[in-house]
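*Asks:* Read off the chains here:
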Amino acid sequence: MRNSVKILILVALIVVTIVFTLTTGTFKMSLTDIWALVTGQASSKIELVFYKFRMPRLIITLVCGAALALSGLILQVVSKNPLSDPGIIGVNAGSGFGVVLFIAFVAGSSGVNHLYTLPLMSFVGGLLTVLLVFTLSFVGGKFSSNTFILIGIATALGVTGFVYVFTSMFDDTQMDMLNRFFAGNIWGDSWQFVIVTIPYIVIIMVITLFRVREMSMMSLDDDMLETLGMNVTREKIILIVLAALLSSISVSVAGSISFIGLIAPHIARMLFKVDMKIIFVGTLLIGAFLLSFADLIGKTVAEPLIIPVGIVVSLIGGPYFLYLLFRGKTI
Amino acid sequence: MNRTYILASALFIGVLASFFLAMMIGVEHYSFQTVLNSLMHPGADDTVTQTLMEIRLPRVLVAFLVGMMISVAGLIMQTVTHNDLSEPSILGINAGANLMIVLVVVLVPTITFVGLVISGFMGGALVGIFILMMTRYNSPVKLVLAGAGISLLLLALTNFIVIANGLGQFAMFFTSGGAAGQTLSNVLMVTPVAIVLILILILMSRELDVLLLSDDVAHSIGQNQRIYKFVSLFIAIMLAAISVALVGNIIFLGMLVPHIVKMIVGHLHKKALIFTAILGGVFFVLADMFARMFSEMPVNAVIAMIGLPFFIYIIRRRGHTYA
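Protein chains in written order, with the working numbering: chain D, 9 to 339; chain S, 30 to 352.
Because the hints were derived from the structure by calculation, they are not lab data.
Warning: the hint list may mix true and false statements.
Claimed, not checked - Calculated lysine-lysine pairs in the BS3-like style (CA-CA distance at most 25 Å, straight line):
no.: 1; chain 1: D; residue 1: Lys-150; chain 2: S; residue 2: Lys-171
no.: 2; chain 1: D; residue 1: Lys-307; chain 2: D; residue 2: Lys-36
no.: 3; chain 1: D; residue 1: Lys-281; chain 2: S; residue 2: Lys-171
no.: 4; chain 1: D; residue 1: Lys-307; chain 2: D; residue 2: Lys-88
no.: 5; chain 1: S; residue 1: Lys-171; chain 2: D; residue 2: Lys-88
no.: 6; chain 1: S; residue 1: Lys-291; chain 2: S; residue 2: Lys-171
no.: 7; chain 1: D; residue 1: Lys-14; chain 2: D; residue 2: Lys-281
no.: 8; chain 1: D; residue 1: Lys-36; chain 2: D; residue 2: Lys-53
no.: 9; chain 1: D; residue 1: Lys-60; chain 2: D; residue 2: Lys-307
Claimed, not checked - Cβ-to-Cβ under 10 Å is the rule here; a few derived chain S residues that face chain D:
no.: 10; residue: Leu-45
no.: 11; residue: Phe-49
no.: 12; residue: Met-53
no.: 13; residue: Val-134
no.: 14; residue: Pro-138
no.: 15; residue: Met-162
no.: 16; residue: Ala-177
no.: 17; residue: Leu-183
no.: 18; residue: Ala-193
no.: 19; residue: Gly-210
no.: 20; residue: Ser-234
no.: 21; residue: Ser-324
no.: 22; residue: Pro-327
no.: 23; residue: Ala-333
no.: 24; residue: Ile-344
no.: 25; residue: Arg-346
Even for Gly, the Cβ is constructed at its ideal location relative to N, Cα and C.
I would like the entire structure built from these sequences, with the hints used as guidance.
*Replies:* Here you go:
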């Protein structure tokens, strides 16, 4: 199959998911309602549900899915390890720590508008954790990717231990809030969050796009790249900082979500083989599709119970991960 | 005097000291005299003795027992997987036990402690099978990644069950970990099992030593590797699962203690096992004591404070061998 056809199929899948996402849920809408919206003749109630609730959530899932997937692709390319994922190396745990600090110290104090404080703290927590792991991964002045992954996993474990330092003073609602974060619940699903996060994510994606050439060369041996004249350590630093930004922004509004960054680049590589530019685009599309699809599944499959999207993603992504492990020598 | 005897007596003193310290220090502090008095007359009718015997003593004993079990489990897993970083929580065995326990509690709310242990074992064993299959890759990074991935998946499943059934507070206990709230009867039930399991491992120590060699060498010596790998991993998983049922998911301990022991007494299992068991117990008793001193901080946070830097140090120092 030609690459353009594959891309078209992916886009079609995303469109179908979008349509289903917009029409299903507690408040049912039909396709004629959607059409009425397009032509501007819909009732105010439908307009409210559509613009105030469904649209922002949809945009968040699409963009954050793409961002997490891209972050995973970068990490996999840089570490030359196809099992890397931002969630595995500590972004989620760090963000969780930020959330705990928020619940413990900020949420209680009244009188201030905390709308952005929570995602901000979560973002800072995630970013600091990755950067810390990253700084620790320089052995003898050289960045070592395997060290990065191992330290990342250990830090994720350790930070999770610290998360529970403050939980002993939490009541049930606070505990519930934290559990929801770790289950991966999209909480930033209003326009304010779309406005403060999406532009940054898009800008970082564009910056990353300019480094596609370096990314595609990373599959070569480090020594060989040095001989060819690339400053490998510098390129790795730039790419990892980009990945850290992408994933911590996404996690701060979408909650703790793992596996998207693992499976989306994988499927993209399977579909598009070697050309990094097309893999890049494919990864974005697959990531966007996976997260919005998982959100759709989460809200429809066990109605009226809404399964957090992070759990759905793990239930889809986990078995795929196991399959990758067992497929054998190629990993 | 022989180095081993010096070490052994140092550990013995360590056990006694940590026991009394842990008995003395906590939310309420007691003097050495009080602790000794209560231990001499456990039936005495004052509140201090009752507190010490019914709350503090079971807790200290649980901590010692669990520290022993987790550390030994870690040592065995490191041997079997040929991987210095293996440990029940890193390999995902704790997450497996955790999931199964939560699942069983949902299905059978009236389950007994023994039931919890058995279900925890089944969950851990399932993950263990995966891990055994993974060992053929012999790459620490892949093994640890596999464990982390499996843990994430199992945690998601656990979370799903927890959210769907409103078990938040109950599951909290397993994720945060802690030695509080165990009864003396549970401790007394588990103790013989743990000791027997560790004794079996000590009896197998020569065979375990052979496992340290590369597979080819072991094969040419004529040992049936599979059986010993299977049996020792089976026991290690049992130890880990019992610990999860007692104190929840404890991190790093199973990696930390065997590492320190191997640095001091070497890799041969007979010594390493005994020292690991005792040092693990002492370590966890002290960690639990610190947790108590800082207004019931989760014991995992205490261990992580020591364990995480140590882990990072090991990876950085031996990074090239893991690459």
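*Asks:* Report the numbers of all earlier hints that the structure fails to satisfy, in ascending order.
*Replies:* Violated hints: 4, 10, 11, 12, 13, 14, 19 and 20; rest satisfied.
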